[in-house]
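> Protein sequence lines correspond, in order, to chains A and B. Its first residue numbered 0, the first sequence is counted upward by one per residue in numbering that gives the first Met the number 0. Its first residue numbered 0, the second sequence is counted upward by one per residue in numbering that gives the first Met the number 0.
If you are wondering where the hints come from, they were derived from the structure by calculation, not from laboratory data. Where hints are given, some of them may not hold.
Unchecked claim - Ranges of calculated distance between the beta carbons of each label pair, as one might list FRET restraints:
1. A/TRP117 / B/MET344: 20 to 28 Å
2. B/ILE417 / A/ASP266: 48 to 56 Å
3. A/LYS86 / B/VAL377: 53 to 61 Å
4. B/ILE437 / A/LYS238: 47 to 55 Å
5. B/ALA434 / A/TRP117: 49 to 57 Å
6. B/LEU378 / A/ASN200: 35 to 43 Å
7. B/ILE417 / A/ASP342: 52 to 60 Å
8. B/MET344 / A/ASP216: 45 to 53 Å
9. A/ALA12 / B/MET344: 23 to 31 Å
10. A/VAL8 / B/LEU249: 28 to 36 Å
11. A/ALA12 / B/GLY285: 34 to 42 Å
As the list claims (entries may be wrong) - Chain B side only, calculated, beta carbon under 8 Å to chain A, not exhaustive:
12. VAL116
13. ALA117
14. GLU118
15. ALA339
16. GLN342
17. VAL406
We put the beta carbon where it would ideally sit given N, CA and C, even for glycine.
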Amino acid sequence: MIRRLVAVVLLFAALLTLGGCWNYRGLDQLSIVVGIAIDYDKESRLYHLCYEIVDLSGMNKEAAIQSKTLTSSGETLFEAARNAKKKEADKLFLGSAQVLVFSHQLVQEMGILDVLDWFLRDAECRESMCVAISQEDTAAEILISSEKSSGMMSTILREIIMEDNEITASANHVQLFQVYNDLNTPLHCTAIPTLRRVKRNGDDITELNGSTVIHEDRYIGVISPEMGKYLLMVYNELKGGLITVALSDKPSDLITLEVFESYTSTDFTRDGDQITFNIKTTTFVTAMENTADLGLMNRSNLDYLKDIAQRHIEESIHSLVYYCQQELKTDILRFGEMIYKRDNKFWNEIGDTWGEVFPTVQVNVSSRVEIRNAGFIK
Amino acid sequence: MRHKGRDMFNKRKRAQKIQQEFDKRISQLNDVLAEKTVSSDLKENLVTTKRLFESMELIKYKSLTVKGAFLDCLLVYCDGMVSTEMVNQSIVRPLMTRKVESDRPILDALTTQVLQVAETTRLTAFSDIVEEIMSGSTVLFVDSCTEAVALNTRDYVLRAVDEPENEKSLVGPREGFTESLLQNLTQIIRRVHTNELKTKMLTIGRRTKTSVCVCYFDSLVDKKLLGRLIDQLRSIDIDGVLDVNYITELIRDNKFSVFRTTGYTERPDTVIGKLLEGRMAIFVDGTPMVLTVPYLFIENFQSSEDYYFNYFYSSFARWIRILAFFLTVTVPAFYIAVVAFHQEMLPINLLIRIAQERQAVPLPASLEAVIMLLIFDVLRETGVRMPSNIAQTLSIVGVLVIGQSAVEANLVTAPMIIIVAATGITSLLVPKLNAPVIFWRFALLAFSTAFGFFGFAIGFSLMIMQINNLSSLGVEQTTLSGHFRRSANEDIFLRLPWFMLNKRPKKLSPNSTRQGGNNDD
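Same shape as in the complex, but just chain A:
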């Protein structure tokens, strides 16, 4: 009986240690962080952290959730984080953070790998938060919303980024852990959505402006929103967006197609040293806007439009591939990853020199466009 009792006591003692970092922490003693912006000031050599925190103090139940910002600086990131703690009595809780915004200076000067590493080491940090890069002077500018009535900026930013592939289709969204993983795979490169502020009707509006390409923790270049759409298509992540095709050089000869579904399959063949990638896309669209005078009730006109759209997609992907191969010289298309996964032996041969091999890769694109619905337009 006594031995059994001792066994039970020991078991419970073990529980205490197995609990790890978990500890009872009352919700009333937490400051819920919803967004983080990180800046680096080259001259003062200081990191600037900006947290967006849910403002629970002056809240009534009927009003929308308000937030406040908390800024701090330090020579290292950790120091900056500690300095933030000095200003806030409650513990900062990163478990529900929605976005992490880097300034482009930080990306260009310091690289982000160390920052990512610091966040991932933190036991309570939400690894699935969205990562974005600010094109403004500081990252904090993106996070501090101009209109106070709009509630939490971070959740808005997250929605802008996460739902982009269904709405405007201009950049692929990435999460904290994905960025870290991408930078540590053999390809060492990633494309992070880029945010900027624009004035529209007197209001400051945040919008996605393509992606920033990072290779081996160095800034390489940007991918424009238009190219971003075809990058999404190559990734087989495109779920919406618009494709505008021009029938002639006349500015009014445009037809806008809305993408409903898009499927892409990619494979590769090798012939000696020559690697060829075949990208096949199938896109289901509807014709939503027709400023050109093309009667879509006519079968031959439809085929004509299909043909033009297919060619447009093929050319766009070709130009994206060319841009990646010749200008960025970075395999942001994840071709290397496919070789690594499907033919590991071959990758072991060429993996080390992939940076040189990638620009020589040939790419064939064949696109199929199905117009589901011509609408009521002419």
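Following the hints, complete the assembly by docking chain B onto the known chain A.
Below, chain B alone, put in the same frame as chain A:
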């Protein structure tokens, strides 16, 4: 300190000794008288009886003389337990008016020719005589006979057959058991017209001498289980049995488990349903509750109505009950684990809403949960014990004071009220599991408060282990191992329609074909 302890110990020992001495003297006194047998001297019998029933004014003595034989007789009975009319008309009048014309022994002559009572028993020992008198028989002593005759004249006031309060049903039979063993048995026999129904009578209780009856179908029951049950009942040594729960706790397998190991019911239809599945029923005189064994865990979620309603609805209701059990046990613990340990599990907007509520409240979440759950249990217990005409006041107190005012005064968070309400309502769906539900609810809450989800998982596993270890009369209550057999699962998570419900639970009955088989009854 030690000194004090020894004092206490001595005191207790002394008290024990005195008690033992006392018990011994009483039993000696009784034994001497009870061991006595009927004497041929009527006067001596009268004296003995009077001494046995000293200070017991309900016992009536009536001396009379048998007509023709000029024999003195003595009638002894307990007032209120007998039908006075029957004693007068069927015993006293014939004895006084009818001549005995026979050369057979006088007692034979009396029972066969004079007394107009169907059930007569010859007794010699006074212990038996006492028992007979106390259970409503009239005992006849005849001069110069060394035997007495017990005449069954039982007639006492009983509650009428009524619909049981605790097991109301919308459809199906409405009758419930009463406190009389015989009446309860007749309710069974009225529905089962076969000689396969067997009853085995036992007497349990040194002082109460309560009649207990084990009832079963001869062709369906597992004889090994029956033997085991009878042995267990025979070995019970207790001074009184007032309800079936006395027996339950004495024969249960898992002595300290909070889960049930025997089934209770007040409904004859339920008992027959269980008997038809090969179970045994234990009737106890003086209580309308009837025990059924062996008990399977799924019976906690079954109800007799399941078999009277449409099978689709019954299966759905059973799922709801099973779900309710898990919800009522886990919801508070789960909430605490999420709110106090793993906040990142909540969607951001929900998290903020809860945080906002918590901001103004003084108590930590887990203490709040414990207090609210206790208040709910207090309210529930009060509701049960209270006359129904005050019940309205209680609900007003519950709703207004605790529900609304506490939240408005920022003493309790609104989400906690919702959690407690959900816990409370779901617990009402599984009344048969009220003890384990309360125990495990608080246990899991403690685990969650200490270790978060990790502790919750440990506590939950312990509960599942306990459930899986339950047995009733040696029959496993749950079958978590082994192959899935349709026959074993026809009536577990689904209540199949009657035309598909072909088998009895194999664990319970060796004769498992319910319909469509040749070996059926």
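> Taking the earlier hints as the rules, which of them does this structure contradict?
Hints 3, 6, 8, 11, 12, 13, 14 and 17 not satisfied by this model.
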